[in-house]
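Starting from the known structure of chain A, arrange chain B on it as the hints suggest.
Chains as they are written, first to last, in full-length UniProt numbering: chain A, 1 to 150; chain B, 1 to 642.
Hints should not be assumed to be uniformly reliable.
[As the list claims (entries may be wrong)] Label pairs and their calculated CB-CB ranges:
1) A:Gln145 to B:Val131: 24 to 34 Å
2) A:Glu135 to B:Leu356: 39 to 49 Å
3) A:Gln145 to B:Leu483: 33 to 43 Å
4) A:Leu43 to B:Gly207: 21 to 31 Å
5) A:Trp32 to B:Arg297: 31 to 41 Å
6) B:Arg615 to A:Ala101: 51 to 61 Å
7) A:Pro54 to B:Gly569: 55 to 65 Å
8) A:Ala101 to B:Thr204: 20 to 30 Å
9) B:Arg608 to A:Ala101: 44 to 54 Å
[As the list claims (entries may be wrong)] A few chain B positions that, by computed beta-carbon distances, are all more than 12 Å from chain A:
10) Ala171
11) Leu434
12) Val568
13) Pro602
Because the hints were derived from the structure by calculation, they are not lab data. In this text, a Cβ means the ideal position worked out from N, Cα and C, and glycines have one as well.
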Amino acid sequence: MNTEPGRMSPQRGRLLLNAVWSPLRRAPRWRWALAISGWTTLLAVLLAPSASPPRVVLVFGFVLVCPGLAVCLLLPMREAVERWVYGVALSIALAILLNTALTLLANGSVALRLVVLATITTVAVLIATVRDGGERQRLTLARAQEVEAR
Amino acid sequence: MPDETRAEVHDIPAGLVPDHMAGTDGAGPAPGTRRTARARAVSAYHALYRTAGGAARTGGWPTLATLARSLALPSAVVLWLVSLLRIDPHGMGDLGLVPLLPDTFWLALALVLVSFCIQVYRRPPSVPMLVCHVVTLIALLHATPSLLYPTLRYSWAWKHVGVVDFFMRNAGVNRALRELGAYQSWPGFFSTNAMLTKASGLTTSAGYAVWAPPFFNVLLIGPLFLIFRTFTTDQRLIWSAIALFFLGSWVGQDYLSPQACTFFLFLCVLALCLRYLGPRSVGAPNVPSPLTGGGWRSTRLWITVATVVMMAAIVPTHQLTPLMLIGGLVTLVVFGRQRLVVPTLFMIGMTVAWDLSFAWPWLSQNLGGIESTFGAFGANANSGFINLAAASQGQVLVAQVDRAHSAAVWVLALLGFARHFRSRRELALPLLALTPIAMIFANDYDGEMIFRIYMFGLPFAIFYVGAAFFPRQTAGRSWWTRLTLPAVALLLVPGFAFSYYGKEEANYFSDAELQAAQFVYGVAPRGSLVASATSDFPWGFTNYEVYDYERFALEDRNYRQEVLTDPVGTFTDMMSLDKHHHSYLILTRAQRFDVEMTGMMPQNSLSRIEQSLERSPNFVVLYRNADAVVLTLVRPIPERTP
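Isolated chain B, as found in the complex:
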């Protein structure tokens, strides 16, 4: 039988296939029978087209509704690509990318979401089509800046490129480094990227770092699917929750960073634990262990080994994720998941061992700061929020929207929990959603703890946002639900857009800003001082460890006032030859926005400082373009002795 025919035969339910066509007993291909790649592709195409359109099955012309369904996704992609041509990121203002996004972009997003909801309600839902929708949604949300911006987005991404650059040039760690010293104690992610970059023959990781946000978000689909599937077989609930997760996940820790990588591993570890090491395993079919041929004991053993390997990789990669994972595992153990005792003990042991050995030099230096924030619930909870009284108008709106957006997600989750809990009393997910909150007692994590708590709790809370629409297998068929799901998804779009894209004026760097930074790193000799208002520019991407850095806008209020009152005197002192043989002050467009949006300095402060220094005979402009200026202290010429 030709492969194509066999592929089509396999698409027909087993009982309907005549024995002679199926090749064996009518139940599918014989063990060991292999279909060619072409046959598989034909089969997949038919499966996709049949579920999308229905025309392949009927053999007739597709109806208008079928055609509309089939064309929704390609149309959204075309609209999105058209939008990209219409956006000029250089025109960004106080609300970031949001006002620049044209109607076609919003229309593309709306099309994807409405089409997704229609696919969710099909009986049965086509999983390949749902995957295509979620991937398109991720592309729209996270690949837009990657395609739009001429340079790598976000200053921290540049720093991480710099740390990768360090490990490309150095075989080992250097614990004596003060700048970005923590990365020398948790080098896992950076050394791995250094290997990838060197093995590929690339000179820097900046090229592929641009694609990190869509990459890491696509990766998350897998563990989210597996976690949700452990608690329900309802594909509508699973995929609604996954799509809503990407609309709720606005914290933006998806750039080239250790936390993006360990977040994926964190979810994979919990997926393994929940699927194989929880009480639900008791009712599941007994999968014999492949190596020993034994039952559950050996299965658990091998799954535990896989879990420990992933946990071991998290420990030397990121400071916070191990603590979040320990919190989750301990909570599950305490609330009756005794089978997780061994992995939990391993995780605690590995984390303590790493922190007390390799990471101890850094931890001991920073112990004072850690102790001072321990137990300070209120201060830790508020430290991440910007001061609304001082922030710019646009940023006040962005902050209010992101707070409302997060609250809305949690309110929906509570509603879903109430509806779902009546039919299924499962506590693992609510516990995992709430456990990160305990970390607010431990530390403020440099003002980011509240956002990290939201991030680590979201994958579990979002399940209940989906459950608000589909609390039971039999529920969620009413017209009310059919309307509310797309309505809620569409309402979450502006919330996500403001929260994620609202600070883009600080995260976007023009070519001119990058050129100024490249100029500084190109001319500055080893041991120079690189001064700036904030670290919000492409800094440290090469040889970062050989320079000293000063960020005057991040200093205390008195110092900032001193800078404003007497810029020439302050910078002459900061950049004096007694301290550094060469000093460079770089002021850029993004830094101006950064100090103004957070209210660190009054409006136009950086322009005034720049003008004062330019007028002073002590300073000279070394480099200038439309978005940046580089100044240095005039070097005194030594007197000639007769």
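So that you can see chain A by itself, here it is in the shape it has in the complex:
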């Protein structure tokens, strides 16, 4: 099919969409839970009563674990335990950097802080999932070709 220069053909677009959507569809549930953890926390902050246990657990659990764990999905780690250790360390580091920056800018918005952390978490999980899906697809193809060659 002829397309104008600079415009993506529908077939290529579908392929690209499939390359992104397919890994997301097959992603384990915990990755989805991680991706939406920040937004769930934000919802809890806006709707749940002050100091209620679920709200406290969600806030501390998300801020201290989730953003770093999501970023760790992008890092080359040798062992699973490293993801947890560096995940917590990176979560604390990201929270400190964000809070320091906004404090120096005299911005006291808690919602803005949570939105930024939630965005980092979601984006990191999506990139890691699409990338891992692509890699898995490449590995499967390579294995299939190997079997065919035999």
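What follows is chain B alone, placed relative to chain A:
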């Protein structure tokens, strides 16, 4: 195949699993196959029980020894919980919490340590069981005050709650503040806690600050494990060193504080550097970079980025940790870890940039004090030690024990180094253990430098304490080692207990003391003076920046003598209306102990001062309870003009 069955199948070594049961080729689950949470839990339970008891594998009744091993940890927890019911912290004396700890507490600790040593010697050691033991050890050592005390422990923790409170009420920093001004120049930790507190809907961080010591200690298990694992695959050595670390770490910087947080980040940065950016990476399997698909270069790039993010968080959070980290990184670079040049330059650049920009107003004000201690090795080394000639008897003993305890840890580390170095010539850990010592030339850090040096060197030195028992993979199986490891661990317990709990009379605040402090902060108008003997009471936890503070026992010797000779005159002058429209003098139980334990003032000085002021018509008691008194200057009534 049902999930539970599959979970059990996966526990069996791969080669023994028939293909049709494994679901794929017998080597484990197929890529993308997911076990349910329940199956994973069943699998974990079986793994734990099998290694703990052995009954699941044999299918028969557990033997007496197996039963004893399995019950040791739960029994220790029960004994510990029973102990908590038997301790009344209000009966604390000169030796802190130590004499109050009942037999059941010591028995619980002994059970955990002996059981831990038995687990270490199992072939192969069960890592989940070792983790459970270390976490229980931390709970016993660090959650005891959290569960026992009615209020937040340690006066500095209260101040930090106050700084968090400041950032909850203020969007930005206030560099003009004199009191606790340094925290306005390194606000990272406090602003983050302010966010956590506000987002949770809590009114203060004091509630969760109580749990900071066990939390921060549990966090340290991760980076310690990763650092030790870089240098050995011997699980016995790794976990012995981790358990001994918690017995050796008595300095007590684990409360809600920037240093507790940055210490964790400091260890994580070094763990990343040692694991991925050191020469050992050459021999390790080539992990392809996830984003670029490339080799070591891109792996190093991404690891460096992660390292820089953690380092960047350390810089605006704490004054000393960046310097300690720079010291460690520079030493590693100088001694042949060239791959660390980029992270080191980043760390130096970020620290210098922060200190010369945001932190400069505070640094420039305190430059005189920093310059005066620079290079004063002897003075800096001794400034943290209490004057044994003036201190109370109990505190002399505590000081002697903590010095002996620290020395014992280092002697064991030297012994371990000598044994381990013969088989493995690795210098990174010894260098990292020794580098903090150089900081003694730089500053006395308000009398704390010697303790911080011990704290920052301990994670690396303790590896060699473990190596004293397990210098090689094949060593450490003799009966001698089997006996000495639990013996050393048990011997370190009283050392830790005296060093960590020995000053608890000053760190513990009763409900009555907190109520007196709450009274002062409840009635004192903005701009009032809050006077006290020392800062050893729950102070500054709310609106700390709107008050002025005076601590008369921390002034020079002449002034202290003046206070003792003429208390009424001195306090009338200190609290005069010319200086402050309202003034409050708060004297508490913990302050009394603080001045007496350090020998700042003679015995019963505060009681005598209190009695003199009460007898004087110039002062009036505003509040009194069993542990505290609040006095104020009587306000003169203006004469009526006809």
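Comparing the hints with the structure gives:
no. : hint                             : result
1   : A:Gln145 to B:Val131: 24 to 34 Å : violated (43 Å)
2   : A:Glu135 to B:Leu356: 39 to 49 Å : holds (44 Å)
3   : A:Gln145 to B:Leu483: 33 to 43 Å : violated (60 Å)
4   : A:Leu43 to B:Gly207: 21 to 31 Å  : holds (23 Å)
5   : A:Trp32 to B:Arg297: 31 to 41 Å  : holds (33 Å)
6   : B:Arg615 to A:Ala101: 51 to 61 Å : holds (56 Å)
7   : A:Pro54 to B:Gly569: 55 to 65 Å  : holds (58 Å)
8   : A:Ala101 to B:Thr204: 20 to 30 Å : holds (25 Å)
9   : B:Arg608 to A:Ala101: 44 to 54 Å : holds (52 Å)
10  : Ala171                           : violated (3 Å)
11  : Leu434                           : holds (25 Å)
12  : Val568                           : holds (45 Å)
13  : Pro602                           : holds (45 Å)
When held up to the earlier numbered hints, the structure conflicts with 1, 3, 10 and fits the remainder.
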